[in-house]
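Enquirer: In case you want the letters, here they are:
There are 2 protein chains.
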Amino acid sequence: MKDKKLYIPGPTEVRKDVIEEMNQCLFGHRSDTMTDLYTTIVEDTKKFLETDNNVIVLSASGTAFMESSILNLVDNKVLSATCGSFSERHANIAERLGKNVDRLEYEWGKAVKPEDVRKALEKDDYDAITCVMNETSTGIRNPLEEIGEVMEDFPDTMFIVDAISALGGDYIDIEGSNIDVIFTSVQKAFAMPPGLAVCVVSGDAYDKEVNSDSSSWYGGFQRSIDYYNRKGQTHSTPAISLMLAYRKQMKYMLEEGYENIDKRHKEMAEFTREWAYEHFDMFPEEGYMSQTVSTIKNTRGINIAELREKVDEKYNMAFANGYGSKLKEKTFRIGHMGIHDVDSIKELTDAIEDVAGL
Amino acid sequence: MKDKKLYIPGPTEVRKDVIEEMNQCLFGHRSDTMTDLYTTIVEDTKKFLETDNNVIVLSASGTAFMESSILNLVDNKVLSATCGSFSERHANIAERLGKNVDRLEYEWGKAVKPEDVRKALEKDDYDAITCVMNETSTGIRNPLEEIGEVMEDFPDTMFIVDAISALGGDYIDIEGSNIDVIFTSVQKAFAMPPGLAVCVVSGDAYDKEVNSDSSSWYGGFQRSIDYYNRKGQTHSTPAISLMLAYRKQMKYMLEEGYENIDKRHKEMAEFTREWAYEHFDMFPEEGYMSQTVSTIKNTRGINIAELREKVDEKYNMAFANGYGSKLKEKTFRIGHMGIHDVDSIKELTDAIEDVAGL
Numbered sequence: 436m437k438d439k440k441l442y443i444p445g446p447t448e449v450r451k452d453v454i455e456e457m458n459q460c461l462f463g464h465r466s467d468t469m470t471d472l473y474t475t476i477v478e479d480t481k482k483f484l485e486t487d488n489n490v491i492v493l494s495a496s497g498t499a500f501m502e503s504s505i506l507n508l509v510d511n512k513v514l515s516a517t518c519g520s521f522s523e524r525h526a527n528i529a530e531r532l533g534k535n536v537d538r539l540e541y542e543w544g545k546a547v548k549p550e551d552v553r554k555a556l557e558k559d560d561y562d563a564i565t566c567v568m569n570e571t572s573t574g575i576r577n578p579l580e581e582i583g584e585v586m587e588d589f590p591d592t593m594f595i596v597d598a599i600s601a602l603g604g605d606y607i608d609i610e611g612s613n614i615d616v617i618f619t620s621v622q623k624a625f626a627m628p629p630g631l632a633v634c635v636v637s638g639d640a641y642d643k644e645v646n647s648d649s650s651s652w653y654g655g656f657q658r659s660i661d662y663y664n665r666k667g668q669t670h671s672t673p674a675i676s677l678m679l680a681y682r683k684q685m686k687y688m689l690e691e692g693y694e695n696i697d698k699r700h701k702e703m704a705e706f707t708r709e710w711a712y713e714h715f716d717m718f719p720e721e722g723y724m725s726q727t728v729s730t731i732k733n734t735r736g737i738n739i740a741e742l743r744e745k746v747d748e749k750y751n752m753a754f755a756n757g758y759g760s761k762l763k764e765k766t767f768r769i770g771h772m773g774i775h776d777v778d779s780i781k782e783l784t785d786a787i788e789d790v791a792g793l
Numbered sequence: 436m437k438d439k440k441l442y443i444p445g446p447t448e449v450r451k452d453v454i455e456e457m458n459q460c461l462f463g464h465r466s467d468t469m470t471d472l473y474t475t476i477v478e479d480t481k482k483f484l485e486t487d488n489n490v491i492v493l494s495a496s497g498t499a500f501m502e503s504s505i506l507n508l509v510d511n512k513v514l515s516a517t518c519g520s521f522s523e524r525h526a527n528i529a530e531r532l533g534k535n536v537d538r539l540e541y542e543w544g545k546a547v548k549p550e551d552v553r554k555a556l557e558k559d560d561y562d563a564i565t566c567v568m569n570e571t572s573t574g575i576r577n578p579l580e581e582i583g584e585v586m587e588d589f590p591d592t593m594f595i596v597d598a599i600s601a602l603g604g605d606y607i608d609i610e611g612s613n614i615d616v617i618f619t620s621v622q623k624a625f626a627m628p629p630g631l632a633v634c635v636v637s638g639d640a641y642d643k644e645v646n647s648d649s650s651s652w653y654g655g656f657q658r659s660i661d662y663y664n665r666k667g668q669t670h671s672t673p674a675i676s677l678m679l680a681y682r683k684q685m686k687y688m689l690e691e692g693y694e695n696i697d698k699r700h701k702e703m704a705e706f707t708r709e710w711a712y713e714h715f716d717m718f719p720e721e722g723y724m725s726q727t728v729s730t731i732k733n734t735r736g737i738n739i740a741e742l743r744e745k746v747d748e749k750y751n752m753a754f755a756n757g758y759g760s761k762l763k764e765k766t767f768r769i770g771h772m773g774i775h776d777v778d779s780i781k782e783l784t785d786a787i788e789d790v791a792g793l
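Protein sequence lines, in the order shown, are assigned to chains A and B.
For any residue, its number in my numbering is found by taking its place in the first sequence, counting from 1, and adding 435.
For any residue, its number in my numbering is found by taking its place in the second sequence, counting from 1, and adding 435.
Hints are all accurate, no fakes.
Since the list can't tell identical chains apart, any single copy or any two copies may satisfy a pair.
Straight-line Cα separation of at most 27 angstroms, BS3-like style, residue types lysine-lysine; simulated pairs:
1. K439 x K451
2. K683 x K440
3. K512 x K534
4. K765 x K548
Simulated from the structure, these hints should not be mistaken for laboratory data.
Note that the structure is predicted; figures quoted are calculated from it, not measured.
This is chain A alone, in the form it adopts within the complex (with noise of 0.2 angstroms):
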């Protein structure tokens, strides 16, 4: 099988070199060795997010953080912000889980607003928030910084940010945004094997979990915290090979650095913003454009499934449909994150011009 290129919103090209990091022999996950790896890791991250906010790594897609979360901080009521199919995930987590769930509810396609957040807040006592920092279903990427300004004055209230398809290639700052979890998947921005999650913790975060009436063992924030503080090491066996990539692929994360990788990816998305508007239009709200992952309204009414054979057959390059049911034909999706620029950005909508024939 001749290697696609991945322009989808995950998992996204991965650097040959980093892959052929895997390529190592196991060791112990109580060993030196180990102790070496997780604690380069976790100190390398927390550099590159400039954050003094606690880093767990755990063996597990960015969903199982999702569920963790609210494990950990809710024991009463959850607000979830929802604006399309991840964030309303959140919230089914939360209801499954057996939590109170009130809903602050957007159309697919709008941000939310920090004035909502605001007056939902002022109506009722929530153990936290849940709001997603991208939401890949649509392209949306919400005014977490202003949102933020809000949480300010509810200080009981834990600011939960899923930012699975963000964190990485979008800059935002974690404290200054009074952020209490945000987390991500590696296979999105961070442009690595998939099979990790990472997330960051307050230290309000970790206090309220400490005090909580139930909190989760594997996804549990304390656990993990207090492990990596004694020993430098996770409190259980993790995915060892996947670690040794994502080593690797921090180390050239940290040498261009996040000023530069969130420029490069304001670029990729103006670009393919650019791009639609001259064939097509773009679906998400004016002015909470996605830097990550560009949400094209199919406006020519073309075929999209065909569209993706016909570009994958020619030229081996795979984007995405709408996502789920609602947008399934109404849209399509560019994944422009990781370790793309937009010379290769070009190259996929080269592909598309062609095939489409605009």
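Got chain A; can you put chain B on it based on the hints?
Expert: Relative to the frame of chain A, chain B by itself:
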């Protein structure tokens, strides 16, 4: 770093070509390539384990299934048979999730007795019982087959088995033993790189979760099983690279066959025990000794930390100290699982003899 030979109870030795199998570019987790990969590993695992129950391969360590088995199946009360650190962990996880837990407690080194299980289940109503197959901390192999006979009379109580350091290296008739949920981590007897866990779930457990008050999303049985039956894929992005390694190693396992693998493990266990009786003594209760990890009593009062260090330095081999503060220096442990055989175990025992001057 020269590759160290691993005789710890996981991660254990992995074939070089299985590791090299990860050296492939990623692909979309909603692609046909993924469906083919995941379907193959699920069906091959069913075939290998000789089960018609549902198989889930999750990107996580087995601990995630310790937690989700409780979240999915226990609304009210669980009976936890405890006989060491890992079975005790299962009880602790349930408590931290806010569940009512009764313990059926055994001294470390003793096995769970079927008649005690019967008495406990007759006294109260339980949603489930948790029992460890192979208590890695003490080297006990619990009599699951006999406990399973007892479970025959309690069809409403789910039989949850943590088989993390045994499954695949010690034959168990899953359906024949009335086991509803049994799981392992792949870095143990499956001899794969860590980061995946395997769970076998009965139809009864599936139904119980559907009707339960709460359940896990990430480790939910229903969600994984439904997604597999509908699409042949996983509900979240899986650790694709690790699944490539899984497919390769499972082929080897099918080639050798469960019966032969079981026989090879029995031989390794018998060899290790004979060696232990000659130079030391065995720690676990007679008649209940593990087929995958031997816990040896340090009758000579050797400094185990020093012994491990010297064997490491001179022979580049790792075995394990006793587990936890209770047993750290009083015992040591040899993992004889995965791709090892009597000859490779003898390399370690020879090394220990040499270094300890036995």
